[in-house]
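Visitor: So the protein lines, in turn, are chains A and B.
Take the first sequence: its position 137, counting from 1, is numbered 137 in the working numbering, and each next residue is one higher.
Take the second sequence: its position 265, counting from 1, is numbered 1265 in the working numbering, and each next residue is one higher.
Some clues are possibly wrong.
[Claimed, not checked] Per label pair, the in silico range of CB-to-CB distance: (1) A/Asp240 to B/Pro1298: 34 to 42 Å; (2) B/Pro1298 to A/Lys162: 39 to 47 Å; (3) A/Pro307 to B/Pro1241: 53 to 61 Å; (4) A/Asn173 to B/Gly1033: 28 to 36 Å.
[Unchecked claim] For lysine-lysine, the following DSS-like pairs were computed, each having C-alpha atoms within a straight-line distance of at most 25 Å: (5) A/Lys132 to B/Lys1051; (6) B/Lys1195 to A/Lys132; (7) B/Lys1109 to A/Lys162; (8) A/Lys135 to A/Lys256; (9) B/Lys1043 to A/Lys132; (10) B/Lys1160 to B/Lys1109; (11) A/Lys135 to B/Lys1043.
No lab work stands behind these hints, which were simulated from the structure alone.
Idealized CB from N, CA, C, for every residue including glycine.
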Amino acid sequence: MMLDMEDRLDIYQKMLQIRSSELKMCELFKKGEIVGHMLPCLGQEAIPSTLAKVYAPDDYLVTAHRGGGHYMAKGCDFNAMWAELYGRATGTTKGRGGQIHLMDMSHFAMTGNAVVGQHWGIATGAGFVARKRGKIVVAVGGEGSTNRGIFHESLNMATVQKLPILYVVEFNNNQMGNTCEETTAGTRIANRAFAYDIPGATVDGNDPDAIYSKAIEYVDHIRSGKGPCLLECITGKWTDSVSNIRQLPEVLEKIKSPENDCIARFEVKLRAEGILTDALEKACKNRAQEMLQAALTFAQNSPLPNPSDGMDDVFSQPV
Amino acid sequence: MKNMKMVDAIREALREEMLHDEDVFLLGEALGGVQGGSFRVTKGLDEEFGKARVVDTAISEAAIGGVAVGAAAYGMRPVVEIMFGSLMPLVADEIHNQAGTLHYVSGGKINCPCVIRTCNWMRIISGPHHCGNIDALWVNSPGIKAVAPSTPYDAKGLLKTAIRDNDPVIFLEYSPLYTKTGDVPEEEYFVPIGKADIKREGKDVTIICYATTVGDALESAELMEKEGVSVEVLDLRTIIPYDKEAIRASVEKTGRVVIAYEGYKTGGVGSEIAAFIAEECIDSLIAPVLRVACKDVPNPSNSILIENISIGKREVIDAIRRVME
């Protein structure tokens, strides 16, 4: 199955939204205007933006802590995300979780879990619910998280139970500064699918068309009750965490080179196909900026939490 | 009333809750089939409810814990079994970092209604990896509730409450108690989390205890009665959040406290209770608070050696005599 023109422009718009938001996050962090622990997904925007065309709005999305792009792509509250980055009471988690614990259950999105790999098990639990409710789970994490035992335990259990889960690995070849060559046996993460006798494939994770065609094939398989699939998307992680702000000049360099940049590549493709014009590109970029501006305004005008608010919600009811 | 073993009372609670709510399901190692769970607690439930609701898993504690959190977050009520309490470190992240933080770190928007059942055994010679007790970990883990019943009545009522609770609850079973019998009502009932129970009233000394040590305390109280010492037995039932009011009321009445718990002494559940009494009830005390607990030693696989590190009636009686001096 191929993406139609409208879907591809939607993906492009989401990629722009994520890119402009993540760049602004780095910029404001560097200035000291926002603080905390932040893990941008710059360079990986094609994956969340494309997966949003694969799952339904009420399907479940569970990711690791570099999940800001997935949060945005699923249509979760963008204003509340920015309020969260500013530590405001109106933030998506009331200013408690910050950028690495972004979640919006009104969109079935658990898109922040800061213990690397633990989201694979949680996604597998979501799979039991999805199986009962006729939905699917899309679980996403970096290749660094696939060397945790929980990755194996999850794929094994999901396969035996035929759980409706698409496991997506964002292969950015960076694990706390180590490369796979230094840490990981085997050439491809997707090869591990063979161990479970489930479908597995590696695609160009910077190309929405490549991601979509394999992901939608796998989702059809999953929805038909045949169990999970493993999709590995090769991409690049431009920033580890914004606390390492020295990376930012290099990031801006990468944006200038289309071979590294999923957005620049997609623009070239869309132009060649006559879908994207100068005027349309400008309109899309303006729209991304407008959304960002609105979110920034909302966040900056939102109240800070009261110190005592941090005592609430340890339990669902006071004990 | 009907008289039943604790193992049957726990199974009855699971069965009733599975009938009550089809989102309740069980997950663990060998829960179904011939094994029926590590201690036969879940035996027969797979036949009644099917393999989709009594899920047998690989030996995969991390995934079992992860499933408990994920299934609960997305709206079901998983009840998972971890074979032994000494294996609970294998799900410590899923409990402490995931289940315990989820409601808070989601801004109060995501509930995590899961139950993690496990079984402690201390006085049995299966060595340090099968025996042991780390109940105290959960007392030090915000967002987690933990209960540990001593009777079939409490076990059934607490488990039903735990399954309907919207927070993660650790349900601590103790293997020596599975065969203990007691009266259980025919009609449905619930035991609240966070409420202690005075298992015996007394006026001279309070023994604060839970699970297996409740039996030790009751037998000790019986014997001390003959020496003219009136012993109150306060069964915590819930170790977190523990019942501060019940403790305060009993300490005010007796002024003497022995805390008996079948975990390691240092930093144990009783250490927290002792600290609470020191902070909030010190004016009521007429004797130092004593802890009766296992020695801080890994469990040896030898009956001569285990005898020396574990506790029982003798140690409880010794402590009562000391606080009465």
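Visitor: Check the hint pairing B/Lys1109 with A/Lys162 against an upper bound of 25 Å on the C-alpha distance.
Guide: It is violated: about 29 Å lies between the C-alpha atoms, which goes past 25 Å.
Visitor: Assess, step by step, whether the Cα of A/Lys135 is no farther than 25 Å from the Cα of A/Lys256, and give holds or violated.
Guide: Answer violated: A/Lys135 to A/Lys256 is near 40 Å, above 25 Å.
Visitor: Taken at face value, is the distance from the CA of B/Lys1051 to the CA of A/Lys132 at most 25 Å?
Guide: holds, 13 Å
Visitor: Are the Cα positions of B/Lys1043 and A/Lys132 separated by 25 Å at most?
Guide: Holds - the C-alpha atoms of A/Lys132 and B/Lys1043 are around 24 Å apart, at most 25 Å.
Visitor: Could you tell me whether the CB distance from A/Pro307 to B/Pro1241 stays inside 53 to 61 Å?
Guide: violated, 22 Å
Visitor: Hey, A/Lys135 versus B/Lys1043, does the alpha-carbon distance stay inside 25 Å?
Guide: Outside the cut-off at roughly 31 Å; violated.
Visitor: Kindly confirm whether 28 to 36 Å is satisfied by the beta carbon distance between A/Asn173 and B/Gly1033.
Guide: Violated, since A/Asn173 and B/Gly1033 (Cβ atoms, about 44 Å apart) do not stay within the stated range.
Visitor: Does the Cβ distance between A/Asp240 and B/Pro1298 fall inside 34 to 42 Å?
Guide: Distance hint for A/Asp240, B/Pro1298 holds at roughly 40 Å.
Visitor: Can you tell me whether the CB distance of B/Pro1298 to A/Lys162 sits inside 39 to 47 Å?
Guide: Between B/Pro1298 and A/Lys162, where Cβ atoms are some 41 Å apart, the hint holds.
Visitor: Holds or violated: are the alpha carbons of B/Lys1195 and A/Lys132 at most 25 Å from each other?
Guide: violated, 35 Å
Visitor: Given the proposed pairing of B/Lys1160 with B/Lys1109, does the C-alpha separation stay at or below 25 Å?
Guide: Status holds; Cα separation ~24 Å.
Violation of the numbered hints given earlier is confined to hints 3, 4, 6, 7, 8, 11; the remaining hints are satisfied by the structure.
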